[in-house]
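Visitor: Protein chains in written order, with full-length UniProt numbering: chain A, 1 to 144; chain B, 1 to 144; chain C, 1 to 144; chain D, 1 to 144.
Worth flagging that the hints you see were computed from the coordinates, not collected in a lab. It is possible that some hints are incorrect.
Since the list gives no way to pick one copy over another, a pair counts as held whenever it fits inside one copy or between any two copies.
Below are the DMTMM-like pairs computed for lysine to aspartate or glutamate, each with C-alpha atoms no more than 20 angstroms apart in a straight line [as the list claims (entries may be wrong)]:
#1 K17 with D136
#2 K73 with E119
#3 K73 with D104
#4 K73 with E85
#5 K73 with E20
#6 K17 with D104
#7 K17 with E70
#8 K73 with D45
#9 K73 with E21
#10 K17 with E85
#11 K17 with D44
#12 K17 with E89
#13 K17 with E119
Residue strings, one per chain:
4 protein chains.
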Amino acid sequence: MHVSYVEAQRAVAAALKKSEEIGARSCIAVVDSGATLKAFARMDDAWVGSIDIAIRKAKTACFFGMPTGEIGKMSQPGGSLYGIEVSNEGLITFPGGLPIVNADGVLIGAIGASGSTVENDHKVAMAGCEVIGVSDLPEHPWRT
Amino acid sequence: MHVSYVEAQRAVAAALKKSEEIGARSCIAVVDSGATLKAFARMDDAWVGSIDIAIRKAKTACFFGMPTGEIGKMSQPGGSLYGIEVSNEGLITFPGGLPIVNADGVLIGAIGASGSTVENDHKVAMAGCEVIGVSDLPEHPWRT
Amino acid sequence: MHVSYVEAQRAVAAALKKSEEIGARSCIAVVDSGATLKAFARMDDAWVGSIDIAIRKAKTACFFGMPTGEIGKMSQPGGSLYGIEVSNEGLITFPGGLPIVNADGVLIGAIGASGSTVENDHKVAMAGCEVIGVSDLPEHPWRT
Amino acid sequence: MHVSYVEAQRAVAAALKKSEEIGARSCIAVVDSGATLKAFARMDDAWVGSIDIAIRKAKTACFFGMPTGEIGKMSQPGGSLYGIEVSNEGLITFPGGLPIVNADGVLIGAIGASGSTVENDHKVAMAGCEVIGVSDLPEHPWRT
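Chain A extracted, bound-state conformation:
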C-alpha cells in the first residue's frame, strides 16, 4: 500500500516548515512502499550533495522498515551488517530517514531529510512523518 500524492505533499510541507523553524536548509524526499520517489523538495541554498542523500535515506528506511540510524548501529566495523551501505546502489546509514506507517500498521512509504546535523535531519524527517502516520512499525512481519 502506497502513500498517496496528497499525503506525500503534506509530509514534505511539514518537514520544510520544521526545517525553517530550526534554521536549516534541507532536501526532503518521500518514497512510496516500493521505495520509489513520490515527492521531493530542495530549499534554496541547501547543499547540492544533500539531494542524493535525502533520497537514499528515504529509500534505505523503506528498504528495511526502520530508521536509517538503526541500520547504522549495526553497520559499524565489527557489527553484524558491516559494509551493508554498498548494497542497493548505496544506502545511507546515519539518521534522517524514517519509515512511515499508517493507522492500520502498514508501511506506506518513507521520508528522508538531509542538509543539517543528523540530529536536525532526524527532527525534520519526523515532522514530515507525523502529519501522515507514525514511524514505528508493528512487530515483524510488517505489511506493505
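Assemble the complex: chain A is given as a structure, and chains B, C and D must be docked to it using the hints.
Guide: Just chains B, C and D, lined up with the frame of chain A:
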C-alpha cells in the same frame, strides 16, 4: 542563476493541474540551472518508470538549453547527433522536457514531464514552465 | 606514448581560440594514448551537457584511432557497427573527436570538442590537434 | 554563481606551480558552483587513478561547501556521517578538495588535487584556491 524553491513548487503545481485536466497520470521534475533536482512530484498511479524519465527530461533540457524533442530530431539515424542519448548517463530525446528562461533571458532551470503520450507530456511541462517563465532561449550564447 | 602536459595545454588553447573565432561556446578535452583525461576546459556559457560529450569524443577517437564521425558512418541502422555506442560506458559517434598522431606516426592521444554544430566541433578539435600533430594515422597496425 | 573560465585556468596554473615546487605529480580539477567540471589538468607521470579522485574531491567540496578532510572527520567509524562516501556516486572524504568562495562570501566552485600525500594535495589545492578567492565559507546559510 537558479530557479527558486517557490518558483519550482509553482511550476510543479501548474503542471499537475494540467495533467489532471487532461486525465493523465504524470511525474513532474524541476531542475535548477546546474541540472540538479529542485522539486519532484509523482501523481497517484503514475508509472514508476516515469520517475526516471521525467528527471532525465528535465536534465536533458537544461544540459542543452532546448526542448528534448528538438534534440530528438537531430539524434535519429543519419542525423547529426545520432547516438547522443548514451552521453551524460542517459539523455531522453523525445518531447516532455523544456528549458525555463526568466524575464531577463537567463536559463534558470528546466522541467520534465512523463506519464502519458509525448504530446501530453509536452503540454504538461509547458503548463509548468509558463507560470514562472518562458521556454524559448534567446540567441546563442545564452546565459546561466 | 603519451601526449605531454605541455602539448595538451597547447592543443586546448588552440581549440579555444578557434572556438572564439567562430563564435562557439565549447568544451575541449584531451586524453592521452591510454584514453585517460589529460586536460579539459569549459568556456563560459558552454552547455553543461557538452562536458561529458567532449570527454567521450576524445576517448572514442582514441579507443579506435579514428575520427568519431567515421565510426558514426558504420554505426547507423544496418551498418556493420550498429549499436556500438553503448560499449565502453558510452561512445560518441558523431564528429568532433580526433586522434592525435605525432611526427613518428605514433598515436599520442586524442581531442574532443562539443558545444556547437558537429561541423564546428570538428573544426575546433582539428585546430587543437594541428598544433601538436596530425589527425591521420598511418596504416594499421598503428602504434601507441 | 559560477567560477569563470579565466578564474578556473588561473587556479589550475597556480596549483600546478605549487605541485612542481614540492616535487609532486598532480591532477587538478576545478568545478563550478553546480559541481560540474570547468577545468582539469594532469601533469606528466601523475597517477591515472588520481584523475577520478581529483574530480571527486572538487565535487565533494562543492556538494557540501567544506574541505573534503572535514567530511572525513565525521565519516569515520562511529562518526555522525559514517558511510556517506557511497552517496552521490562516490565522495572522496580525505584532504585535497576545497570550496572556493569569492569576495562577497558566495560559493563559486571548488578545487580538487590528487597525486601525492594528502598533506601535499591539500597544499596544492589551497594554492589554486587562493589566487581566485578564499576557502572558508561564511556562516551557514551560505549562498551559491
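Visitor: Go through the numbered hints given earlier and state which of them the structure violates, listing their numbers in rising order.
Guide: 1, 3, 5, 6, 7, 8, 9, 10, 12
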